[in-house]
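Chemist: Next come the chains, spelled out residue by residue.
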Amino acid sequence: MSKKTPEINSGSMADISFLLLCFFLMVSNIDTDQGLTRKLPPPPDPNAPKPDVKERNVLKVLVNKSDRLLVQGQPIDIRQLKDKAKEFLTNPQNNPDLPEVEEVTINNLGTVRTTKGIISLKNDRGTSYDMYIQVQNELTAAINELRNELSQQRFGVKFADLNSDAQSEAIQKAIPIAISEAEPENIGGKK
Amino acid sequence: MARFKKSGSRSVPGINTGSMSDIVFMFLFFFMVITTIREVTLEVKVIPPQATEIQKLEKKSLVSFIYIGQPRKTSLGTESRIQLNNQFATVADIQSFVAAERASRDESEKNFITTSLKVDQNTRMGVVSDVKQELRKAGAFKINYSTRKKAKNSNI
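Chains C and S, in that order, are what the protein sequence lines are.
Sequential numbering of the first sequence, starting at 1, is according to the numbering used here.
Sequential numbering of the second sequence, starting at 1001, is according to the numbering used here.
Mixed in with the good hints there might be a few duds.
[Claimed, not checked] Below, simulated SDA-like cross-link-like pairs (lysine to any residue); rule was C-alpha separation at most 25 Å, straight line:
{"hint": "1", "chain 1": "C", "residue 1": "Lys39", "chain 2": "S", "residue 2": "Glu1053"}
{"hint": "2", "chain 1": "S", "residue 1": "Lys1060", "chain 2": "S", "residue 2": "Arg1010"}
{"hint": "3", "chain 1": "S", "residue 1": "Lys1059", "chain 2": "C", "residue 2": "Leu25"}
{"hint": "4", "chain 1": "S", "residue 1": "Lys1060", "chain 2": "C", "residue 2": "Asn163"}
{"hint": "5", "chain 1": "S", "residue 1": "Lys1149", "chain 2": "C", "residue 2": "Arg38"}
{"hint": "6", "chain 1": "S", "residue 1": "Lys1132", "chain 2": "C", "residue 2": "Pro46"}
{"hint": "7", "chain 1": "S", "residue 1": "Lys1132", "chain 2": "C", "residue 2": "Pro51"}
{"hint": "8", "chain 1": "S", "residue 1": "Lys1149", "chain 2": "C", "residue 2": "Pro46"}
{"hint": "9", "chain 1": "C", "residue 1": "Lys173", "chain 2": "S", "residue 2": "Phe1141"}
{"hint": "10", "chain 1": "S", "residue 1": "Lys1137", "chain 2": "C", "residue 2": "Pro49"}
{"hint": "11", "chain 1": "C", "residue 1": "Lys54", "chain 2": "C", "residue 2": "Pro96"}
{"hint": "12", "chain 1": "S", "residue 1": "Lys1142", "chain 2": "C", "residue 2": "Arg125"}
{"hint": "13", "chain 1": "S", "residue 1": "Lys1137", "chain 2": "C", "residue 2": "Pro176"}
{"hint": "14", "chain 1": "C", "residue 1": "Lys39", "chain 2": "S", "residue 2": "Asn1122"}
{"hint": "15", "chain 1": "S", "residue 1": "Lys1132", "chain 2": "C", "residue 2": "Pro96"}
Because the hints were derived from the structure by calculation, they are not lab data.
Next up, chain C with everything else stripped away, as it sits in the complex:
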């Protein structure tokens, strides 16, 4: 007859693992590494000639030290910025005041109607970082919406859902992140 081994009491196991759980809950923070990705331009070359950009191809976005927006000389609200940027970057009616439209042939996409528009963002040293991110966010939203529209139209899916690199590269080429940041000015005083 085999000996009967007594069962190990596993009731306290739960307590031990609860302790471990509490430890991990306290020492860890849930991943918050997300944000707006940008690419900085290389430092300006003093010998390089000034780029020749036509007046109509530039959307001037200014943010002052009290976080007010000025777009093309007109004060506007942050909520209007996205539509303004979208209109500027597409120029749907071929308006002579908006950027030049050109037909470009891109691999995997064929001929696309693009504009030469560049958004020039300039902020004061006294602008709050919150406002700066809001502006960047609206401009990114405009570009993302345009990319989604083009992607839907050509490939039938959203830009983020494209699964081939060639396709997303083509869309990125058709609608680049055309945001240029001017050197900040110090109008609003120190800081």
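Since chain C is already given, all that's left is putting chain S on it; use the hints.
Modeler: Same frame as chain C, but now just chain S:
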């Protein structure tokens, strides 16, 4: 009717708690996987601003952080300060910081380092612009403005 008659005592059997530990262990592993243990102690207060068009940072090992915000110790004033690794730094330190971050990575990965700017929402842009200028000089062009997620279509 004898069929329905209960025989013996009517005590409720004890609940088996043996599987409890399995459930808790599952919780534990879940938390261990989704969390990251913070390596630096923050000397500055950082509440990032909110944004909707958020991208996730992909390779954790290729990200270096720069924190900007008000010091936690109130005795140090309210002026926004820069924190690199575990200590306060000035704008002039950034180039050597970038060089050190480069040196600690593999040769093949050096060009993919992203600098994540964790900046408090009340910071003035002057400091941030200075940092960006230094990053440009140091050749760290890929940056990420760290933000919190905001639900779309909500107006604040």
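Chemist: Measure nothing beyond the straight line between the CA atoms of Lys1060 (chain S) and Arg1010 (chain S); if it is 25 Å or shorter, mark the hint as holding.
Modeler: violated, 59 Å
Chemist: Does Asn163 (chain C) lie within 25 Å of Lys1060 (chain S) when you go C-alpha to C-alpha?
Modeler: OK: Lys1060 (chain S) and Asn163 (chain C) at ~23 Å, within 25 Å.
Chemist: Take a quick look at whether Lys173 (chain C) and Phe1141 (chain S) sit within 25 Å of each other, Cα to Cα.
Modeler: holds, 19 Å
Chemist: Verify the proposed pairing of Lys39 (chain C) with Glu1053 (chain S), using a straight-line Cα cut of 25 Å.
Modeler: holds, 16 Å
Chemist: Lys1132 (chain S) and Pro46 (chain C) were given as a pair; does the straight-line alpha-carbon distance stay at or below 25 Å?
Modeler: holds, 19 Å
Chemist: Sort out whether Pro51 (chain C) lies within 25 Å of Lys1132 (chain S), counting only the CA atoms.
Modeler: holds, 22 Å
Chemist: Next pair to validate is Lys1132 (chain S) with Pro96 (chain C); report whether the Cα-Cα distance is within 25 Å.
Modeler: Status violated; Cα separation ~35 Å.
Chemist: Quick one, are Lys1137 (chain S) and Pro176 (chain C) close enough, alpha carbons at most 25 Å?
Modeler: holds, 24 Å
Chemist: Tell me if the straight-line CA distance from Lys39 (chain C) to Asn1122 (chain S) falls inside 25 Å.
Modeler: OK: Lys39 (chain C) and Asn1122 (chain S) at ~23 Å, within 25 Å.
Chemist: Straight-line Cα separation of Lys1142 (chain S) and Arg125 (chain C) no greater than 25 Å?
Modeler: Roughly 22 Å separates the two Cα atoms, so the pair holds.
Chemist: Hint check: Lys54 (chain C) vs Pro96 (chain C), CA-CA at most 25 Å. Holds or violated?
Modeler: holds, 12 Å
Chemist: With a cut-off of 25 Å on the C-alpha distance, tell me whether Lys1149 (chain S) and Arg38 (chain C) pass.
Modeler: Holds: Lys1149 (chain S) and Arg38 (chain C) sit about 17 Å apart, inside 25 Å.
Hint compliance for this structure: hints 2, 8 and 15 are not met, and every other hint is.
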